[in-house]
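**Q** Read off the chains here:
Protein chains: 2
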Amino acid sequence: MIPKTALTLSGDRLATVYKLLGDEELARTKANAICIEQTVEFPANLITDDDIRGKIFGQIESFERVDEAHFEAKISYAIESSGFELTQLLNLIFGNSSIKPGIRVERLELPESLLQAFKGPRFGRNGLRKYLGVEKRPILCTALKPMGLSAKSLADYAYQFALGGIDMIKDDHGLADQSFSPFEERVELCAAAVARANAETGFKSIYIPNLTAPADQMLRKAHFAKKAGAGGLMISPGLAGFDIMRQIVDEDKIALPILSHPAFQGSFVINPDSGISHHALFGQFARLAGADATIFPNHGGRFSFSKEECQSIVNGTEVEMSHLKPIFPAPGGGMSLDRLKEMREFYGNEVIYLIGGDLHSYSDDLIDNSRRFRKIVNNSNA
Amino acid sequence: MIPKTALTLSGDRLATVYKLLGDEELARTKANAICIEQTVEFPANLITDDDIRGKIFGQIESFERVDEAHFEAKISYAIESSGFELTQLLNLIFGNSSIKPGIRVERLELPESLLQAFKGPRFGRNGLRKYLGVEKRPILCTALKPMGLSAKSLADYAYQFALGGIDMIKDDHGLADQSFSPFEERVELCAAAVARANAETGFKSIYIPNLTAPADQMLRKAHFAKKAGAGGLMISPGLAGFDIMRQIVDEDKIALPILSHPAFQGSFVINPDSGISHHALFGQFARLAGADATIFPNHGGRFSFSKEECQSIVNGTEVEMSHLKPIFPAPGGGMSLDRLKEMREFYGNEVIYLIGGDLHSYSDDLIDNSRRFRKIVNNSNA
Numbered sequence: 022m023i024p025k026t027a028l029t030l031s032g033d034r035l036a037t038v039y040k041l042l043g044d045e046e047l048a049r050t051k052a053n054a055i056c057i058e059q060t061v062e063f064p065a066n067l068i069t070d071d072d073i074r075g076k077i078f079g080q081i082e083s084f085e086r087v088d089e090a091h092f093e094a095k096i097s098y099a100i101e102s103s104g105f106e107l108t109q110l111l112n113l114i115f116g117n118s119s120i121k122p123g124i125r126v127e128r129l130e131l132p133e134s135l136l137q138a139f140k141g142p143r144f145g146r147n148g149l150r151k152y153l154g155v156e157k158r159p160i161l162c163t164a165l166k167p168m169g170l171s172a173k174s175l176a177d178y179a180y181q182f183a184l185g186g187i188d189m190i191k192d193d194h195g196l197a198d199q200s201f202s203p204f205e206e207r208v209e210l211c212a213a214a215v216a217r218a219n220a221e222t223g224f225k226s227i228y229i230p231n232l233t234a235p236a237d238q239m240l241r242k243a244h245f246a247k248k249a250g251a252g253g254l255m256i257s258p259g260l261a262g263f264d265i266m267r268q269i270v271d272e273d274k275i276a277l278p279i280l281s282h283p284a285f286q287g288s289f290v291i292n293p294d295s296g297i298s299h300h301a302l303f304g305q306f307a308r309l310a311g312a313d314a315t316i317f318p319n320h321g322g323r324f325s326f327s328k329e330e331c332q333s334i335v336n337g338t339e340v341e342m343s344h345l346k347p348i349f350p351a352p353g354g355g356m357s358l359d360r361l362k363e364m365r366e367f368y369g370n371e372v373i374y375l376i377g378g379d380l381h382s383y384s385d386d387l388i389d390n391s392r393r394f395r396k397i398v399n400n401s402n403a
Numbered sequence: 022m023i024p025k026t027a028l029t030l031s032g033d034r035l036a037t038v039y040k041l042l043g044d045e046e047l048a049r050t051k052a053n054a055i056c057i058e059q060t061v062e063f064p065a066n067l068i069t070d071d072d073i074r075g076k077i078f079g080q081i082e083s084f085e086r087v088d089e090a091h092f093e094a095k096i097s098y099a100i101e102s103s104g105f106e107l108t109q110l111l112n113l114i115f116g117n118s119s120i121k122p123g124i125r126v127e128r129l130e131l132p133e134s135l136l137q138a139f140k141g142p143r144f145g146r147n148g149l150r151k152y153l154g155v156e157k158r159p160i161l162c163t164a165l166k167p168m169g170l171s172a173k174s175l176a177d178y179a180y181q182f183a184l185g186g187i188d189m190i191k192d193d194h195g196l197a198d199q200s201f202s203p204f205e206e207r208v209e210l211c212a213a214a215v216a217r218a219n220a221e222t223g224f225k226s227i228y229i230p231n232l233t234a235p236a237d238q239m240l241r242k243a244h245f246a247k248k249a250g251a252g253g254l255m256i257s258p259g260l261a262g263f264d265i266m267r268q269i270v271d272e273d274k275i276a277l278p279i280l281s282h283p284a285f286q287g288s289f290v291i292n293p294d295s296g297i298s299h300h301a302l303f304g305q306f307a308r309l310a311g312a313d314a315t316i317f318p319n320h321g322g323r324f325s326f327s328k329e330e331c332q333s334i335v336n337g338t339e340v341e342m343s344h345l346k347p348i349f350p351a352p353g354g355g356m357s358l359d360r361l362k363e364m365r366e367f368y369g370n371e372v373i374y375l376i377g378g379d380l381h382s383y384s385d386d387l388i389d390n391s392r393r394f395r396k397i398v399n400n401s402n403a
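One line per chain: the protein sequences are A and B, in this order. Just so you know, we're using the working numbering here: the first sequence kicks off at 22 and counts up by one. Just so you know, we're using the working numbering here: the second sequence kicks off at 22 and counts up by one.
These aren't lab readings, by the way, just hints derived from the structure by calculation. The structure presented is a predicted model; accordingly, all values stated were derived computationally and were not measured. Just so you know, not all the hints are guaranteed correct.
Where chains are identical, the list cannot tell them apart; a pair therefore holds if satisfied intra-copy or between any two copies.
[As the list claims (entries may be wrong)] Cut-off 35 angstroms, straight-line C-alpha distance, at most; resulting in silico cross-link-like pairs (DSBU-like, lysine-lysine): (1) 274 <-> 362; (2) 25 <-> 328; (3) 95 <-> 328; (4) 25 <-> 396; (5) 173 <-> 328; (6) 346 <-> 121; (7) 247 <-> 25; (8) 248 <-> 95; (9) 247 <-> 121; (10) 346 <-> 25; (11) 274 <-> 328; (12) 95 <-> 173; (13) 95 <-> 362; (14) 95 <-> 396; (15) 274 <-> 95; (16) 173 <-> 121; (17) 95 <-> 151; (18) 274 <-> 121; (19) 157 <-> 328.
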């Protein structure tokens, strides 16, 4: 028997909606197990203390059938159990239950009293538009690649893309700090190349280095990039950890727009009955960690996301989360200029078009290919 | 057409064995796609440079059927593409391919020339035995919980467990830095309680705080714990990021044994046809990040791992990885004293028995329950 406590908690609770695979009995068993597993992890019958039972235990707020094979349970937790820290919040929502089959995090419902602890995206959609000087049209983005090119060759590409009017020119996510293109050399050359092009065109293109680095180098490299003239940063929270992204976002002396890349996160979403929904992972979690745009593979590209899944990501980027700003969906993963019309119909204006390798496929003239990209977007905007 | 390069690489390659779902044609298509997706992410036909094609592209080293529905492809990459950094190594192995269905990382084969970049576990099995003064028998571990108790109550438990002869007394992974049990208060009280018990018994029990904290507090809190007398640290790489664990392990002024906890990592292993194998995730990756012991849910507990999966984790903890020491498997997740005999048969001596809530279930006398645990292990060792 555990000792009595006298917990003074606010009474505010955060909720997670879990999708549970199984018939009603199995789904109820899973919901009840989550209430314990995500909190006390203790034989419930040995907990006699009213405060822990009533305040710390997860509580099933609703339970309903969603289709023949699934139920949804909304389970709430004391906001204090999160410690008001992103790492523990992730843990509270899905730490051990991630290891159980047939449980998927669908949506987060986080009260203002918890969200106060998170600054969220520094720019968000409106801020990024203002930063780039793009009023209404979709934003253009491309990637510097392939891996193996020298920093100088990548900077040459960056220059051409910027001359051609691409708004955001980012490193491919495979560019880290390899001998063939060291981070600092690449960042300096690419940022300078884009600045040179901007001076010629009057556009405001930005260069966005990929920041995949050892934990103890992330902040230093982010500062370096800022100083070298980078216009944003790309971070893969699956590689770095969500909270390192949050730390960099919150650093006032960096204050650059942040692209979130899905590398190493696929296992969370790839199976519909486990992991985390596209909506929550690429939308809500990305905003909690402060991303201004969330990259994901568009339907019909090299990856397998469905239209519905892509739509759910869009929803996650703009669903009400108190002061956490809506962010841009940035669908990519094998997109081409041929897809722009259809993407415009699907995503509307509030989107970043990420077209990478395809921009090399029309001709060897990257400036011209980029102008073509820009022109299609400008025209469809008319 | 991309520019010509003149890559000067070592020629050494690391390999990953992927399990691919599908018939032979589909599996081959997947293997070929991985070679591109994990490296250049670029239309292969546009890459005419011999160096990038020959050195940077992933290369299929072997391809064979493993059962009716699966093939295994061993794919190699230039070690330089990893940047000799853990974050980029994870990315190179599985960054974007994690987002494709029917691809699972089974095993890593990393050459000495790459592994030199990683110190790996500081203690490993032998080092941890020496540190604890436990020669041959399995090591005993329990957890301080439930969430909601005060630091003082948890320290009282720690004292009793230590009096009863438990080697490792760790925080539950849900204890972070919550108002009801603040990290620093808890660490100081629990470390002192265990030291007091050790002075009475002559045993060497250690207290292992759970270190789930914002990225920018991890190192500071690890130092705090060391100074306060903690005997180890528990870190969840799924929450913190693998490389933060590596950073803390490599810090000579901390130099404490590290337990890896699987929180938020379940989505990688829970579906057999995607993600990462138990062997690689809880064994090989944990060692790359420097864990000395890897916690996972034993078969037949509250979780769903099979005997085979648990055995594969054991294999991953000891498979040859150059100077990276073998580490302890620490099966838990609903274990009880009744299971010890069978666990001994399954795991042998090279194991940490993690028994948490069950230790509270025999009586309210935790000292006695702990002695019972110790006695069973001592006797079965005879």
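**Q** Are the hints correct? Go through all of them and say.
**A** Status of the hints after comparison with the structure:
1. In this assembly of identical chains, residue 274 and residue 362 lie within 35 angstroms of each other by CA distance neither inside one copy nor across copies; the values are 39 angstroms within and 58 angstroms between.
2. For a Cα distance limit of 35 angstroms, the shortest separation of residue 25 from residue 328 qualifies neither inside one copy, at 51 angstroms, nor across copies, at 39 angstroms.
3. For the homomeric pair residue 95 and residue 328, the shortest alpha-carbon distances inside one copy (25 angstroms) and between copies (33 angstroms) are both at most 35 angstroms.
4. Taking the shortest Cα distances, residue 25 and residue 396 sit within 35 angstroms of each other only across copies (30 angstroms), while inside one copy they are farther apart (69 angstroms).
5. Taking the shortest alpha-carbon separations for residue 173 and residue 328, neither the intra-copy value of 38 angstroms nor the inter-copy value of 52 angstroms comes in at or below 35 angstroms.
6. Proximity of residue 346 to residue 121 under the C-alpha cut-off of 35 angstroms is found in both arrangements, the shortest distances being 33 angstroms within a copy and 30 angstroms between copies.
7. Taking the shortest Cα distances, residue 247 and residue 25 sit within 35 angstroms of each other only across copies (30 angstroms), while inside one copy they are farther apart (52 angstroms).
8. Taking the shortest alpha-carbon separations for residue 248 and residue 95, neither the intra-copy value of 45 angstroms nor the inter-copy value of 42 angstroms comes in at or below 35 angstroms.
9. When the C-alpha separation of residue 247 and residue 121 is checked against a cutoff of 35 angstroms, the pair qualifies only between copies, where the shortest distance is 33 angstroms, while the shortest distance within a copy is 42 angstroms.
10. Taking CA atoms no more than 35 angstroms apart as the test, residue 346 paired with residue 25 passes in neither setting, with 42 angstroms inside one copy and 44 angstroms between copies.
11. Proximity of residue 274 and residue 328 under a CA criterion of 35 angstroms is satisfied in neither setting, with 39 angstroms inside one chain copy and 51 angstroms between copies.
12. Only between protomers do residue 95 and residue 173 lie at most 35 angstroms apart by alpha-carbon distance; the minimum there is 33 angstroms, versus 52 angstroms within a single protomer.
13. In this assembly of identical chains, residue 95 and residue 362 lie within 35 angstroms of each other by CA distance neither inside one copy nor across copies; the values are 39 angstroms within and 40 angstroms between.
14. Taking the shortest alpha-carbon separations for residue 95 and residue 396, neither the intra-copy value of 47 angstroms nor the inter-copy value of 44 angstroms comes in at or below 35 angstroms.
15. Proximity of residue 274 and residue 95 under a CA criterion of 35 angstroms is satisfied in neither setting, with 39 angstroms inside one chain copy and 44 angstroms between copies.
16. Proximity of residue 173 and residue 121 under a CA criterion of 35 angstroms is satisfied inter-copy only: 32 angstroms between copies versus 48 angstroms inside one chain copy.
17. In this assembly of identical chains, the alpha carbons of residue 95 and residue 151 never lie at most 35 angstroms apart, being 38 angstroms within a copy and 48 angstroms across copies at closest.
18. Taking the shortest Cα distances, residue 274 and residue 121 never come within 35 angstroms of each other, neither inside one copy (41 angstroms) nor across copies (37 angstroms).
19. Proximity of residue 157 to residue 328 under the C-alpha cut-off of 35 angstroms is restricted to the intra-copy arrangement: shortest distance 24 angstroms within a copy versus 57 angstroms between copies.
Checked against the numbered hints given earlier, the structure breaks hints 1, 2, 5, 8, 10, 11, 13, 14, 15, 17, 18 and satisfies all the rest.
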